[in-house]
Amino acid sequence: MKKKKIGVYICHCGGNISDYVDVEKVRAAIADEGIVLLSKTTMFACSDSNQRDMVEDIKANDLDGVVVASCSPKLHLQTFQNVSMRADLNKYTYVHANIREQASWAHSDDKMGATEKAIHLVRAAIAKSRYAEALESTKVKAIKKVAVIGAGIAGLKAALSLSEKDCDVILIERNSVVGGHVAEFTSLSTTTETGYQIITRLYSEVLKRGNISLLTNSEVIENKGSVGNFSLKIRKITNNDNQEIIDVNVGSVLMATGFDSYTPGEGEYGYKSLENVITLVDFKKMIDSQNGKLVYNGKQIRDIVYIYCVGSRQSDGGNTYCSRNCCTSTIHASIIARHKFSDINNYHFNRGIRTYGKQEILYAESLGSGDIYLQFNEDSIPEISVNGDKAIVKINDILSANREVEVEADLVVLVGGMVPRADNSVGSLFKLPKGRDRFYNEVHMKLRPVETAIDGITIAGACQGPKNITESVNSALAAATKSYSILSKGELETSPLIAVIEEDKCSWCGACQEACPFDAIHMEEKEGRTIAQINNTVCKGCGMCAPVCKPDAINLIAYSSSEIMSMIDALA
Amino acid sequence: MGELNKKSAKILVFSTEKISDPAIDMAGLLKLHYPPTVYTISLPCSSGIKPSWILHAFERGFDGVFIAADGSDCIYGESCTEKTGHIVANTHNQMKEKEIDPARLRMAAMCSVCSESFVKQMRSFNEYLLKTREA
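Those protein sequence lines, which keep their order, are chains D and B. Residue numbers for the first sequence follow the numbering used here, so the first one is 1 and each next one is one higher. Residue numbers for the second sequence follow the numbering used here, so the first one is 1001 and each next one is one higher.
Hints listed in this document are in silico derivations from the structure and should not be mistaken for laboratory results. Think of the CB as a built atom: it goes at the ideal place given N, C-alpha and C, for glycine as much as any other residue.
Simulated coverage check for chain D against chain B, where a stretch passes if three residues somewhere in it have a Cβ under 8 Å from a Cβ of chain B: (1) 109-115; (2) 120-129; (3) 435-445; (4) 550-561.
Generate coordinates for the entire structure from the input sequences, incorporating the hints supplied.
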């Protein structure tokens, strides 16, 4: 067999790596490793120019494989597998080393340690590369049907978009009606249409589509299978509280389960303990349902204090993130209040206004009509006390050198943000990873913004994090296209990284069959012997069968004992 | 590695691509530091780790082996926790036979956002291993 030749590329990541790891030292340390024919450092391995250079290097030197030492494989494993393919190599000959998240950044306090670690990590990748062979995928049928979970604005738009692509859709909604939060919004900025009208328009369109099945009062209660063929069990509550179980098979799942509104804790800014303190959600309902005079608890409301960032942007506990839409939503509500009712004075106690993009128009309008904006810090929050039927709200305004300002308010509106759904059972069912904010997490914020770590499952709308309607619809259309693109060919390539049995060593004991969670192993008579056989299209490559095999007859492709032990040798 | 070895123990971490790797990556992103002699080998699932790999790591001079297990978050099924537990128990027995301190193999479930927990585990495991090395 001819000796393997590989190329190794060490990335600076524009300084993210090379500020802490001496990349030239790493290159020099591995340059003479047995199979390394060429080794280079590069400013950005993922740049177009470097990718082109790699293709040329592979072709010119007749390389058998490539190792790139750069960021996490989550970001660029696919990128460099694609580079390999463009150079006519099989993508499984590519091996990745993570020297950014697991070396330069993790050990930015210890440059020598980070460099030593990077050298070892690259050596381990080279060791793995010795075993990395060309592998062929098996093709399986992909069901051209998508389950959209949640029929709020994101779910409705995603379902319609998939329907237009000639893809069957099953739209599953837990409530008895569609529309989620948006259906409750009676007025929206930059449009005269109400939330309810928009939802009604989308809903009637959904009903016209022959390829969308809408299930209301329904929840997914079981999930089996994987990308291309998820088997879902759906529980539908029918009339008289009877339930019906529906089995459905889909190729992809699009999650659009939305958000919950933040509810302040009891006593937080006097919530529930002071009678003039309400939430923005309640305030919006109040201004929508009244005309002429704005009245609360039988008293006319004139002076309104809005306290922003309640339960948001907290450095300790709670929610550290900004909910993005609450500034705009509050200003919009305050403008409506001023227009609709007489003698309204709005006081916005904020922590910096974030009406980004076109939403700035609302802020300008609010300022122009005389609303007062005062700003506080997280460590000096407004205090509320009661004086008769008024709430006295005190703030140290940081925009006027911490001057103490008091407002005698008829009503205090607490502006809370968006929080993840309290009931996450459907997310747990699909094992969807969550981010630090506890919303569902995408693979990469910029490069793969609607895909999740679970193949075939995409996310849309505010279940991924706070979003306004425009942003929710954008992500819904992106997720619909992504889900469709997975299934559009009608077949999928299954990963060839599955378990293999060394038949000579196997004498069938059944332990592997018992360990396999996918029923991918069966007993077979072969040449007079009873041995275990693996069904290649069913095996998911988890490797659970390997450690239970007493004669050590099972290995996982790309994770075989020889590969892992050679990596351990390289790291030792 | 001579100098480094004095202040930090050499730890091999078996992590998983979908669950604990993101947590370990995020620890880096957040610049939460842990000893640079912690090395990670990622696998699809923690219940696919062979005891022979762990023993091999000890033979090759690793002070400790840590399994960043999928726990109940495992994408391959709920049996993962129990199966990884069996692997650890089985390896502990083999370690005792070879007179290797079983405490040099640790396991903890690591979710995809358990970065702080991972770093805490690495620091305390490092301290334990350095202490026993001195003893």
